[in-house]
Structure formats: C-alpha cells, structure tokens
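Those protein sequences? They're chains A and B, same order as listed. Under the numbering used here, the very last position in the first sequence is 555; numbers go up by exactly one each time. Under the numbering used here, the very last position in the second sequence is 555; numbers go up by exactly one each time.
None of these hints come from the bench; they were simulated from the model. Heads up, a few of these hints could be off.
Treat identical chains as interchangeable: a pair holds within one or across any two.
[To be verified] Only pairs whose alpha carbons sit at most 20 Å apart, straight line, appear in this in silico PhoX-like list of lysine-lysine: (1) Lys63 x Lys324; (2) Lys63 x Lys400; (3) Lys544 x Lys63; (4) Lys400 x Lys524; (5) Lys341 x Lys353; (6) Lys353 x Lys400; (7) Lys63 x Lys31; (8) Lys63 x Lys334; (9) Lys31 x Lys544; (10) Lys341 x Lys280; (11) Lys189 x Lys136; (12) Lys341 x Lys90.
2 protein chains.
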Amino acid sequence: MSSDRLIYLPLGGAGEIGMNAYVYGYGEPGKERLILVDIGVAFPDMDTTPGVDLIFADITWLKERADRLEAIIITHAHEDHVGALGHVWKDLNVPVYARAFTANIARRKLEEHGVPEETVQTVSPWPETIQAGPFKLGFVPISHSIPESSALLIETPGGRILHSGDFKIDTDPGVGEPFDADLFETIGKSGIKALVCDSTNVFSTYPGRSESELPSEITRLVGEATGMVVATTFASNLARVRTLARAGEAAGRSVVLLGRAMRRMIEAAEATGVLVDFPKVISAEEAQDVPREHLMLIVTGSQGERRAATAQLARGKYRGIEMKEGDTFLFSSKTIPGNEKGVIRIINQFSEKGVDVVDDSSGLYHVSGHANGPDLQRMHALVQPQIMIPMHGEHRHLRKHSRLAAENGMATALAVNGMMLDLSGNAPTVVEYVDTGRTYLDGTVQIGALDGVVRDRIRMALNGHVVVTAILDEEDEPLGEPWCEVMGLPETGSSNAALVEVLEEDLNQFLMRADPRTLRNDDKLEEGLRRIARQSAQSEIGKKPEVTVVVSRMR
Amino acid sequence: MSSDRLIYLPLGGAGEIGMNAYVYGYGEPGKERLILVDIGVAFPDMDTTPGVDLIFADITWLKERADRLEAIIITHAHEDHVGALGHVWKDLNVPVYARAFTANIARRKLEEHGVPEETVQTVSPWPETIQAGPFKLGFVPISHSIPESSALLIETPGGRILHSGDFKIDTDPGVGEPFDADLFETIGKSGIKALVCDSTNVFSTYPGRSESELPSEITRLVGEATGMVVATTFASNLARVRTLARAGEAAGRSVVLLGRAMRRMIEAAEATGVLVDFPKVISAEEAQDVPREHLMLIVTGSQGERRAATAQLARGKYRGIEMKEGDTFLFSSKTIPGNEKGVIRIINQFSEKGVDVVDDSSGLYHVSGHANGPDLQRMHALVQPQIMIPMHGEHRHLRKHSRLAAENGMATALAVNGMMLDLSGNAPTVVEYVDTGRTYLDGTVQIGALDGVVRDRIRMALNGHVVVTAILDEEDEPLGEPWCEVMGLPETGSSNAALVEVLEEDLNQFLMRADPRTLRNDDKLEEGLRRIARQSAQSEIGKKPEVTVVVSRMR
Chain A
1 MSSDRLIYLP LGGAGEIGMN AYVYGYGEPG KERLILVDIG VAFPDMDTTP
51 GVDLIFADIT WLKERADRLE AIIITHAHED HVGALGHVWK DLNVPVYARA
101 FTANIARRKL EEHGVPEETV QTVSPWPETI QAGPFKLGFV PISHSIPESS
151 ALLIETPGGR ILHSGDFKID TDPGVGEPFD ADLFETIGKS GIKALVCDST
201 NVFSTYPGRS ESELPSEITR LVGEATGMVV ATTFASNLAR VRTLARAGEA
251 AGRSVVLLGR AMRRMIEAAE ATGVLVDFPK VISAEEAQDV PREHLMLIVT
301 GSQGERRAAT AQLARGKYRG IEMKEGDTFL FSSKTIPGNE KGVIRIINQF
351 SEKGVDVVDD SSGLYHVSGH ANGPDLQRMH ALVQPQIMIP MHGEHRHLRK
401 HSRLAAENGM ATALAVNGMM LDLSGNAPTV VEYVDTGRTY LDGTVQIGAL
451 DGVVRDRIRM ALNGHVVVTA ILDEEDEPLG EPWCEVMGLP ETGSSNAALV
501 EVLEEDLNQF LMRADPRTLR NDDKLEEGLR RIARQSAQSE IGKKPEVTVV
551 VSRMR
Chain B
1 MSSDRLIYLP LGGAGEIGMN AYVYGYGEPG KERLILVDIG VAFPDMDTTP
51 GVDLIFADIT WLKERADRLE AIIITHAHED HVGALGHVWK DLNVPVYARA
101 FTANIARRKL EEHGVPEETV QTVSPWPETI QAGPFKLGFV PISHSIPESS
151 ALLIETPGGR ILHSGDFKID TDPGVGEPFD ADLFETIGKS GIKALVCDST
201 NVFSTYPGRS ESELPSEITR LVGEATGMVV ATTFASNLAR VRTLARAGEA
251 AGRSVVLLGR AMRRMIEAAE ATGVLVDFPK VISAEEAQDV PREHLMLIVT
301 GSQGERRAAT AQLARGKYRG IEMKEGDTFL FSSKTIPGNE KGVIRIINQF
351 SEKGVDVVDD SSGLYHVSGH ANGPDLQRMH ALVQPQIMIP MHGEHRHLRK
401 HSRLAAENGM ATALAVNGMM LDLSGNAPTV VEYVDTGRTY LDGTVQIGAL
451 DGVVRDRIRM ALNGHVVVTA ILDEEDEPLG EPWCEVMGLP ETGSSNAALV
501 EVLEEDLNQF LMRADPRTLR NDDKLEEGLR RIARQSAQSE IGKKPEVTVV
551 VSRMR
C-alpha cells in the first residue's frame, strides 16, 4: 500500500477574504510534490496597516520547499488571486499556468519585475489538461465577474480534487463562459474526492442573480438621465463595463473610459479576444468638445480609492472633466466592508456639487460575482464530493459553509491558513500546523506583519512622537540641557507653557539629579529619560507619547 | 416695523451625523439673543483622527458672543447631543435646560468637570414652557430610541420654530412617550414658521417600524437558545434593554448587565422614574454560579468598540465570563457606517469560539430610532410649516430632505454648519457664513482640527519618522557625523545595509560638502538635511518619511 498522501494547505484566503494562496501536495509525507493555486493580495487600511502598499501571504514555508514546487496556477485575474505574483515569483521560480486572459494579466505583473513573459504558459480549458509532477490539471470554465475564470480539476493518484476558484452560477454572464451545470455533473460523476469551494456569499439565502438582469435597468437609467452620466464598477468586470458602455451608446452618448485600470483591462480583454463588440470610445480630451448630455463616462474607483477617477471627480476636475448640478453618478458596484466611509465621503462631495448619485441600494444596478448559499448547495449536489472544504472566506463564512456540507452528509473540515489537511482518507484530518502570516509590501521593501514597523507607526499615530536628545561629555556629565522634538502633539498643555519647554525642564531636572551610574549607562539613562518624558506629557496633556531617546557621548 | 430678525445657525450636525450644535437667535442683527440647542460629540477614527478622544463642534463663534447666550437646551441624552456639554460649559457659563432623564445625564457630564449640578434645570414637558430671553421654550415629547426625547417649540416675536430633535414615529415605543400625532397637529395649527427637522433616515423609503415589533421575536430567539445568551444594544435604548432582559426572564434565565454605560443608563432611568418593571439582575460574580443555559447577559459594545464588553468577550474572558461553543450572541443593533470592520472582526472571533452570532440582517431584532422618508413627510404634513430646514444629516441627507419639502410646496434651504439663515421672511435667506470647524479632545487638551497635530500623526503613520541630529561647533563646523533615529520604517532596504547607516552616510556626505553659508544658516541646513534624508530613503526603501531635523550648535 502506498504511503503517499494528498494534502491541502491554505497559506492565504482561508480565514479572510483576500490574498488567496492555496497549496496542494501529493507524495510521501514531507516530500510531497507541490502546486500553488493563486497568489493574490489584500489591501491595507489605516486601522491596521497604515502606509503599507500591499499585503500578501507569507510564503516562507513554500520558499523553503521551492525545489518541490511544480507550478503556480492562476484561476482568474482578480488582484486577490494574481496580485502578488510579481512580488513573489523570484522566490519560487516555477512555471505559471493560466488561461489566455488571465495569462495576459499575469505577464504584465511579472514584466514589472523583469521576469520573462514565457514564464506564464497559456493553457486551454478542460478537457485539455497539463501535467505538473503528479498533478494532472484541468482548467474548467466557470462563471464569475471576470472573463475566463476557472475551477481547477486536480487529478492525482490519491484522488481527484475540484478547486472551485471564485464562482457564481450564472448561465448568462454576458462576457465569459456561462455556468455549465452538465459539465460539473459530468466531472462529479467521474468521482470527486474533495471539493474545495468558494464561501464568500454563503450567508446570502436567496439564489444569486444573473449579470443579464442588469442591461435593461442600466439602459433605462442612462436613457432617462439628462446631464452627463458617469458610472463606476470594477474594471475587471468586463461584462458590466460593456453593459455600461452599450447603455451610453444606446442613449446616443459618446463613451469615455477613465482610469488606468479600466483601459488596461479592456486592452487585455480585446487582445485575448474575450471581449468583442465593445462600443467605440473617445478620449477625455475629445470629450471636452462633446456637450455633457451626450457623454457617458465609465470610471475606476468604485471603492472610494483616493487616487482613482471617482474620488478625483468628486473632489474637482479630472482630466479636464468636471461634474455639475444635474449630472448623474452611478455606483454599479457594492461597497466592500471597510470602504463605507470613503464611499460615503464621495457621495457627499457629489451631493455638494448637485450631482444625483444612484447607488446599489435598489439592487437594480449590481449583482455579485459569488455563489449564494443555495447556489453553493447546488454546486455540492452537482459535484457530489466525498469531502467539502470551504475556502475564500472569513472564519464565519467557512464555518457556515462547513455546516451546510455536514448537514448534507459530506465530510468536511474547517481549515484556516496554516492548517495542513490530509485528504487521503475518507475524511480530512489535520496533520500539521504551519506558521503563516502576512507580508507587507512597504514602498519597495517586503516586511513581515510582526516586524514591529507598522506597530510603531500605529503607536505614533495614536500617541504622537517625542525625540529626546542628551549629550554627555568625556566625563559622562551632561553637556548642556537635554532637548526635545515633538511631532503629532499639542503645542501647549495644562500649564499653558510650551509642551516642549515643560518636557525639557523635567528632563533636565532628572539629568541634573541622576547619579553617575545612571549617567554612565546608556540603557538606564535612556529608560530614565523616556519615563520622565512620558510622565511629564501625561500630566501636561493627558497622553503618553512614543519616546525615542538619543544619547550622544563626546568620546 | 421691527428690524429684529430670527436666525438659525448650525455649528455642528448639519453636514454630518454627530456633534450636534444648533444656535437660534432673535433680536437686532448682530445683537441677537441666542440659545444653543444640544452640544454633542462625534467619534474619532484611525483614518482621519488617530489618537483623538472625542470630537465636537468648534464653538469659538458662540464663545465670543457668550454674553448674548441665554441658555443651553439638551433635547435628549444621546452622546451626539449632550456629550460635549462638560467640555464646553465653562466657556459659555449659562443655565442648561433639559427634561428629568436627560438632566440626570447632563449633570453627570458637568460633575466630571466640577460644574455644580444646579446648572442643569429640569423642565416639564410642553405645554409648560420656560422663558430664556426672547425665547419661550416648550419641550414637546417625541418618540426616539431613548426616553424623554423632545422636540423643541421655540416661540419668538418673529415666529414659532419647531426643532424636531431626533425622532421616529412610534406610537408604542415601550419606554418613553409614544408619538402623539394630535399633539403635533395642534402645534402645527398654532402656526409654525419653520420646522427644523431630523434627516438621518430620509433615504429609507418605507415607513419606520415600531419598537413594539421586537419583543415577540427576541423572546422567541432567547427561548429557543440552548447555551448562554449574550445580547448587545445601545445602552441608552432602555426599551430595548428591557425587552432583552424580559426575554431572558421569560426563558427562566438570570439577567446580567455588563459594561459601565449599561449600568449607568439603567441607574439614571430608574432614578428618574422613566424605567419601571425592569427585571431583577444579578452581578457578574453571581453569574458564575449559574449554569450557562440559565444566563442572559446584556452588554455594551454593539459598534465593536475595542474596550467594551462585547469585544472583550470576543477576545476571551470578561469579568470571569467566557463564551463557548453552543452559546448565542445577538446584535440587537445596526452597525454604524465606519464600524463594519470592527464588528466583523468580533463576529469572526465568536465564530472561532463556536458561538452562534445572530445579527440584524433578518430585520427581526432591531428597529431604527429615526423617522424614515414617509414618516418625515407625515411630520411635514402634521406640522405644516412655512419653511422646512433639514438638519441632523450628511450633505446627501440634507439635500434629499430639502427636495422632499420643496416637492411638497414648502420653502426650504440647505444650511450646512456655519451657514446662518434668516428665517424672518417668507423664505429662508443666507445672511452670513460663520467659520466653524471641529475641536478635538486629545488626552486632556482641546486642539483645533486644523492645528496640524493630527495631520502630523497621520503622516508619521503613513510614512514613518526619521529624526536627524547634527551638531556643529563654535566655528559652525560639523562636530562628528550626523546621526539618525528612525521609527516605523523597515530596518534594511535595497542595499541590504541598515537603513540608518545608509541615511547617515548620505547625510554626512552632504554635511561634509556643505558650504559655510549653509552651515551657518539653520533653515538652510535643516532643509538640506531633510531633503537628503528623504531622497536617500526613497532610493533605499521606496518611501519618503517624515523628517525632523535637530541642529545643535555648541555656542
């Protein structure tokens, strides 16, 4: 009997929505050959990751086993699935496989890091397959909110896994392949050991709605508008972008695409043939000669991103275009939790300009790209897996999805990032806990989430920063008085004197009275000065700042 | 003919939800006698106000006219209406009027600042009135999500204003007076010049639901639960707190109140007689001897506040109580925009513990305290004002509410903070723009929003902080090399040397080559060192930090 095993190890995406990175392995325990499915990013926020540019899974575990890695698979071109490819590829150095549109985007990511484009190999959809070590891999077309999304059929000597990727059940998604229930039923009939399945919308209790429900409503809205119409959606949702453009065209409006991501996506989609019949567009410059009631702008920034076109139009002019009283702005999108304040700020800015904002509260202008609860159950039923492993969700989503499967008699396990499951038996078992975490791209540097860099920034933001400098002469006697620089603190406090002066006086008192042992010892001296600065600030302004002490000795 | 005029000036609350502060004036232009209606707070967030404790309206304008101020009126005891009273009262120094329950809370606020409790005068509801200068004021009971909320009937020689306060139309609110349509109709018939009206829920298109719809559903939920039940809501929503407690009692559970605000509110409500028949409660200590399936906890922290009971229970034990698999946690509340991430974090923490979380997505366990669109129109119709001024809302709410009034033939104006309206004529006119803004309570210090303190904190959080120190001797020659302290920045960058060393080397190069004029001039020297530090960091780590330069001269 073979001792080989089939393992599943999420490094990212299980316990959060974002930064997807799933490892599968097959072989002798500890020597499994591996594949990585997706390597995406999550986005920073001011609360927990101020100043950070991007977040992705810590792939140290995989890096240390790069010699066992056969391939990287990208299921679709959303940033949370492909966004980190360029940042980590050199540490892994294996071929990347994806379908044409996804490959086009993946190559752009690698190009920015000087990785040759041949690294990404374009694959055809299932039933064609590729072989990567012990894995036979098929890219099964599945509907989602971006073209050419794929579920991944992973065949190994230890059994067949269907990794759903992100998906919804939409038989008429506009752009990209429709959901083909027969196909998944057929795959299911071949015997699926484990379905590893998207959990994003498990809490939605009604069947998901089709992209095809939107064109009529959007066309009506644009047709009835009188001023300029501007609409935002995710640039990667090409079906939606085309629907918006066609609605503009139908209303006799010239269509303008604004925002880099918007133009880049259309380019990639046209280059790979996934997008056809896209209406003619004009440039922002040309738009300036068109009466506003004959314009339809499609722009980036549906999540309120400060530098995107939407936010810039809300603040003022963007590329010569300015919105005015009587114009309409449409959010053909939903606001991702955490982005509400930014989006609301923009809506209020538009309100100040007299622009009518139409958001998704009516449900008429947006549908989700993920399968709802009933759709997930339908997928389970089509594929009939022995085991259902929930992925792509926060803990609450994974738990709910797992329960759903258990209620329907499937074996299941809730595996969060770092939990390695052995899928070889009839039910999944946890065989190892792997240290995982997050890597922050900060400027051009990759730092660990626990390096303390971001923690220090948060502390400075909450408490302000005081730098205390003291100079000691050759005999370890203070040379002059210590001085302070403060940043992010009020200028004056309870005594109505300058905070800096109050601190400096207290610090000087301390230094004058310090015994020689303290003065000789850098650590003691720093600790003493820090303590005094914090106490002094606390009594003066009711706040204990972060303190950096610089002791300089004239030796 | 009298030249006296009747003015309205929002200092806070018009253009935002929170920090309400509305001024009314009557008299000769520029010499009007004034009243202030409400003085509340808004809550800080990491995005825009890191480290700040509370936010309230900048009352400089009022302070400079304190001799013309007759009274402060508090319409109800929510923090966004009374929370800043203690912080600003000494600058205004006038009597405070409120109904009994509100007065109880207001006195506690003043007591913390050593202001005598007689400052707050308890008033009886309309038709009783008080006189404050030219204003005859009546506190008209109106339903909201806290007891004894009042609309304010402001009678002046220039006409009658009805200031709605926060309200909903609820004829069975459980605790507090029911909405009395006849009363408002009667008041309307006496002739209302201007209705100044709550706009919070203007976008909700269905009539508001009554608090009385909740007890049966909540009782059913608690009755069916098997483990411990913990529920959170706003402590000030005493009807809800009582409903939750009664549901616990009905299920044979002992009721425990956790969180300071929860106990304080019950105390104030019982002391002033607005809350009767509240079930017997036991302490957290006593709860430890009660089997978990016989416990019902009602706790603070529905908005995910990190230090409140809910967040602490999600993280671990709180006052000896720990939630476990099979327990139920109920959010009998809605999440205020901006708080989503914190609340979701808590739900996931509960999920990890195996606790079943019930939120408001079903609509069964929470109703709003504000009038919806149709209710606002009903209020307009009851009161039949000549002018409708929207307040208590962001710009988008005020705009929508104003439109609603205009469509129904009322005169209206959209006045945001700082816009002074003259209400003397048939339609409102803007007569002045007053400088307004926000005051931050930061530790124990009040700082202006534009003082730069918080801006510097945000910059440090986004960019990190470098402190450069250089010492120059009596001849303005560098004494040793300059040195750096960095906080919130990666330790190493592209050259793989310590960032600090790279910076120090570049700074030293600069200093060595600097001409005597630069070395003699503090400003030039600082500017040069800052520029070098930023350039050097940019090339090393791809980020331009905040830089503080300290030049010290041995003179």
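Hints violated by the structure (listed by number, smallest first)
1, 2, 3, 4, 8, 9, 10, 12
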